[in-house]
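Build out the structure end to end from the sequences listed, making use of the hints.
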Amino acid sequence: MSKKIICPRCESEHTDILTQSPVPGVWEVYHCEECFFAWRSTEPDFITDPAKYNTEFKLTREQLDQSGIMPAVPPLKKR
Amino acid sequence: MAYQDLRTYLEALDAEGQLIHITEAVLPEPDISAAACAITKFGDKTPALLFENIKGYTNARIAMNVHGSWCNHALMLGMPKDTPLREQFFEFVRRYQTYPGKVEERDSAPWEEVVIEDDINLFDILPLFRLNHGDAGFYIDKAAIVSRDITDWDNPATQNVGMYRLQVKGKNRIGIQPASAHDIALHLKKAEELGEDLPIAICIGNDPLINTVAAMPILYNQSEYAMAGALAQEAYPVITAKHTGLQVPWGSEIVLEGKILSRVREGEGPFGEFTGHYSGARRMPVIEITKVSHRRNPLYEHLYLGQPWTEVDYFIGINTSAPLHVQLKEAFPEVQAVNAMYTHGLVVIVSTKVRYGGFAKGVGMRVLTTPHGLGYAKVVIVVDETIDPFNLPQVMWALSTKFNPQYDLVTIPGLSILPLDPASDPAGMSPKLIIDATTPQAPEKHGHYSQELRDPVSTEAWVEKLRELMPKA
Ligand SMILES: [Zn+2]
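First to last, the sequence lines map onto chains A and B.
Heads up: the first sequence runs through residues 1 to 79, numbered per our numbering.
Heads up: the second sequence runs through residues 1001 to 1473, numbered per our numbering.
Incorrect hints may have been included.
[To be verified] Result set (DSSO-like, lysine-lysine): computed pairs, CA atoms no more than 27 angstroms apart in a straight line:
1. B:Lys1445 x B:Lys1353
2. B:Lys1291 x B:Lys1189
3. B:Lys1189 x A:Lys78
4. B:Lys1259 x B:Lys1190
5. B:Lys1102 x B:Lys1445
6. B:Lys1445 x B:Lys1465
7. B:Lys1445 x B:Lys1361
8. B:Lys1171 x B:Lys1259
9. B:Lys1291 x B:Lys1171
10. B:Lys1361 x B:Lys1329
11. B:Lys1259 x A:Lys52
12. B:Lys1045 x B:Lys1081
13. B:Lys1329 x A:Lys78
14. B:Lys1102 x B:Lys1171
15. A:Lys77 x B:Lys1190
16. B:Lys1190 x A:Lys78
17. B:Lys1353 x B:Lys1291
18. B:Lys1102 x B:Lys1242
19. B:Lys1055 x B:Lys1041
20. B:Lys1081 x B:Lys1465
21. A:Lys4 x B:Lys1055
22. B:Lys1189 x A:Lys77
23. B:Lys1259 x B:Lys1242
24. A:Lys4 x A:Lys78
25. B:Lys1329 x B:Lys1353
26. A:Lys4 x A:Lys77
27. A:Lys58 x B:Lys1291
28. B:Lys1259 x A:Lys77
29. B:Lys1171 x B:Lys1242
30. A:Lys4 x B:Lys1171
FYI, nobody ran anything at the bench for these hints, they're computed from the structure.
Listed below in structure tokens is the structure:
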């Protein structure tokens, strides 16, 4: 693929083709290395197109990095 | 006889007219979730859906709405499909109280037929799809997930089988939401304190009972398999998965084995949840899958969640109510029945005998302090023993006429609630409410209740007579 795939959710260019349909040529699945969003080429354009992605669900890496941790990582102990 | 795998259960549903085969070619999105949402519009007797032709896949099949009606729930218990909900509830409670049931360890299982250890690509094996438009990706939301305490590995009592949402993030990489209050979070904490990974088995396409138990609020030291045996009223078959040494259902279609990576957290979500709202995104643990085993042409099963009522509400209705009923009755034998079917028990309706003024409020307080109630019950409605808590018109009548806001409303501030409750503020905290809609008993004496309407004397006999005369379908 020559043109860059932009993540519809965080609009990062750090994306990749995750997989292709077992029946060749039907769809591809992409994923974003920044916000962990994944989407399929055959989904409606309000999922695949960054300009049409629901603004309520836009999410950046910075927002994720500031989000809560669940569950908390406990302090290390000796067995 | 109980169904030992998903295939035989689907065959039984088919024979009872409770399965629709969808043979037309469908796109993974939005067709599958749209159809699974659409079937919920047809009421509480709907069939399961089996998608047999999914674009881009050669042999994939996806089962939806498997638990999505009271008919299917009755058939799961081996009862006639038109069994009234109340009867299903009391039969479920009866079997629950026979815990522990028998567990049968077998030597081999159909899911061992195909094994993949190299170049795992979950997308080739599972027909994954986006469920709701705002979801972060492709989730597995109906898997029975098995883990153990690595510091007490040989103690089967602490083995846990639970259902936690899984976000497939890579070919063999999955995000998991082990909510802090759940058993798997205890296992993860013990492993992470030692800096070790937590072995895990993810079982997909199961018999209907183990999924019901995996989503059920049972106690930490209770065994899900022994509970499944109790509910099945026969030995529940399991097998030890060789890669991890965890006990998994014999009847699963697909078993993914791997580990939760120690001390790793990574962005996960949002995901449309059983609250009818999205969860938001947080940093959560990550699983690496190292072995996949499955039956030939495996069936993939998925749970539909949407704005209630949808499949998830049938799925976590009676199995939430039954433990609460039993725990409540231990403290108050006067309790008749508990309906905790609304959003996993955020609203709970209790029917009870009332011994004296204030008694019903005490019963309501106890609901709030049961293990499940602590994290869920937010509004408790207490009604008289004559009211069937599963009959909402009767409950509404009690609320309409027995309830006086001046005397019958108790608000308790500062209690815990699941953080997914969108009303909680901050997330995880909420005041709670008890509504006493019982008839006041001495020394309480507000209102005028001495002239309640009752059925005419021979009504019951007429019910039976008319039942016989009713036109047969
Ligand atoms: Zn992104």
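- prompt: What are the numbers of the hints that this structure violates, sorted from low to high?
  reply: 5, 6, 11, 13, 14, 17, 24, 26 and 27
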